[in-house]
Amino acid sequence: MAHYRLLGDVPPKRHTQHRRPDGGLYYEELMGEEGFSSDSSLLYHRNIPSAIVEAAPWELPDLRLLTNHPLRPRHLRLHNLFPGEEWKRHDPVTGRRLVLGNADVRISYVVAGEPSPLYRNALGDELVYIESGEATVETVFGALPARAGDYVILPRATTHRWVPAGGAALHAYCVEANSHIIPARRYLSRFGQLLEHAPFCERDLHGPTEPLLADGSDIEVLVKHRGPDGIVGTRFVYPHHPFDVVGWDGCLYPYTFNIADFEPITGRVHQPPPAHQVFEGVNFVVCNFVPRKVDYHPLSIPVPYYHSNVDSDEVMFYCGGDYEARKGSGIGQGSVSLHPGGHSHGPQPGAYERSIGVEFFDELAVMVDTFRPLGLGEASRACEDPGYAWTWSG
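Residue numbering for the sequence shown follows my numbering, starting at 73 and increasing by one per position.
Rather than coming from a laboratory, the hints here were simulated on the basis of the structure.
Certain hints may be false.
[Said to hold, decoys possible] Restraint ranges, calculated between C-beta atoms of paired labels, are given here: (1) Ser122 x Glu431: 19 to 27 Å; (2) Val309 x Gly418: 50 to 58 Å; (3) Asp301 x Ile124: 19 to 27 Å; (4) Pro300 x Phe108: 41 to 49 Å; (5) Glu268 x Pro363: 19 to 27 Å; (6) Leu97 x Tyr76: 42 to 50 Å; (7) Gly302 x Ala347: 47 to 55 Å; (8) Leu97 x Ile124: 36 to 44 Å; (9) Val309 x Leu97: 23 to 31 Å; (10) Leu97 x Glu126: 19 to 27 Å; (11) Tyr378 x Pro217: 36 to 44 Å; (12) Glu274 x Gly239: 28 to 36 Å; (13) Gly404 x Arg92: 30 to 38 Å; (14) Pro187 x Gly418: 38 to 46 Å.
Just so it is clear, the structure is predicted and the values come from calculations on it, not from any experiment.
We put the beta carbon where it would ideally sit given N, CA and C, even for glycine.
Required output: the full structure, derived from the provided sequences and hints.
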């Protein structure tokens with residue numbers, strides 16, 4: 073994120089001595105992307121940030137993926153994954169269940185009530201959409217309040233933990249990339265500013281407001297990282313708490329963006345999916361479908377035309393409102409639809425005709441389009457509606 077911020081106590085010149093009140097030195101850490109040739113931030117620690125006293129394996133949950141074969145569209149009911157009060161014993165990191173994934177991105181879902189361990193994803197950036205509930209995301213950069221409708225964007229290797237608020241369930245839809253996640257490039261100037269035609273601006277992005285200092289010894293941090301044959305986990309123990317940063321500055325940091333601040337792009341006829349885009353990573357994009365006035369040509373058909381995803385798999389997470397095009401399919405709040413490349417899809421029978429003359433859609437959905445096929449995680453196999461593929465034919 074190329075929007076400069078400065079928090080806390082930093083020296084006037086980078087890579088120079090920065091001393092404590094007692095005369096000792098703070099320890100400077102450069103956190104940078106793409107071999108230090110892209111965005112970065114400088115953090116100033118009270119203790120040596122690389123000091124560890126123990127390393128042990130962290131056994132990750134089931135991350136196996138099955139091919140979507142035979143090829144068919146699928147409907148997944150994510151709310152069925154955490155029945156009753158099971159959520160009370162889960163946290164937003166270790167409680168995640170893998171829904172879909174490929175070599176570029178993994179989509180998980182969790183309902184949680186417990187604080188998470190300290191955690192760092194060294195594979196790529198994370199984008200977590202809060203379906204409902206509230207939490208504080210404590211990070212090495214400072215704390216972020218997160219509420220329903222927020223995207224929480226966490227840069228690769230950011231040490232953090234989730235603290236759900238108020239004893240209520242936190243429903244979170246988690247997109248883990250093997251790359252960086254940035255605003256859609258076509259909305260950015262060549263210097264990185266969000267342009268006038270962008271459906272959101274820097275005022276809508278909320279980063280930490282002050283450093284978060286914590287004390288402690290023998291602090292565990294769970295790290296997800298690359299192995300020669302896939303994803304592995306390590307449990308580090310640090311002699312001092314990682315939240316010891318007295319100040320930082322730069323263009324790389326976690327932030328939130330609320331879906332209600334996305335200003336929809338509309339037209340006289342139906343707009344294609346890229347009009348709804350908000351973020352992108354390598355080989356995938358993220359789009360919002362928000363409440364909006366719809367097509368105003370006198371002969372318009374407001375619901376989507378039937379379309380084939382020639383180059384991508386389309387994953388739609390239905391998280392609010394009343395999705396007009398899906399009536400009669402069984403899809404509702406907490407549903408995910410997977411429409412794979414190679415299969416034409418569109419509105420359910422009758423929706424095409426019913427939409428004529430409609431002026432407003434009250435719908436809320438998060439879409440992830442991937443440019444390589446998605447495999448089915450254990451969670452998708454546990455919550456699938458087996459009749460969905462046949463709903464167009466009755």
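The hints, checked one at a time:
1. Between Ser122 and Glu431 the Cβ separation comes to about 58 Å, which falls outside the hinted range of 19 to 27 Å.
2. As the Cβ distance of Val309 to Gly418 is approximately 53 Å, the hint placing it in 50 to 58 Å holds.
3. Distance hint check for Asp301 and Ile124: the Cβ-Cβ separation is about 24 Å, which falls inside the suggested range of 19 to 27 Å.
4. Judged by the Cβ atoms, the range 41 to 49 Å given for Pro300 and Phe108 is violated: they are separated by roughly 24 Å.
5. For Glu268 and Pro363, the hinted distance range of 19 to 27 Å is satisfied, since their beta carbons lie about 23 Å from each other.
6. For the hinted restraint 42 to 50 Å between Leu97 and Tyr76, the CB-CB distance of approximately 25 Å leaves it violated.
7. Checked against the hint of 47 to 55 Å, the pair Gly302 and Ala347 fails, with Cβ atoms roughly 36 Å apart.
8. One distance hint, 36 to 44 Å for the beta-carbon pair Leu97 and Ile124, is violated here, with the actual separation near 20 Å.
9. The hint said 23 to 31 Å for the Cβ distance between Val309 and Leu97, and at roughly 24 Å that hint holds.
10. Checked against the hint of 19 to 27 Å, the C-beta distance between Leu97 and Glu126 comes to roughly 26 Å, which is consistent with it.
11. At about 42 Å, the CB distance of Tyr378 to Pro217 agrees with the hint of 36 to 44 Å.
12. Look at Glu274 against Gly239: about 34 Å separates their beta carbons, and that is inside 28 to 36 Å.
13. In this structure the supplied range 30 to 38 Å is violated for Gly404 paired with Arg92, their Cβ-Cβ distance being about 56 Å.
14. A hinted range of 38 to 46 Å holds for the C-beta pair Pro187 and Gly418, which are about 43 Å apart.
Against the hints set out earlier in the document, violations occur for numbers 1, 4, 6, 7, 8, 13.
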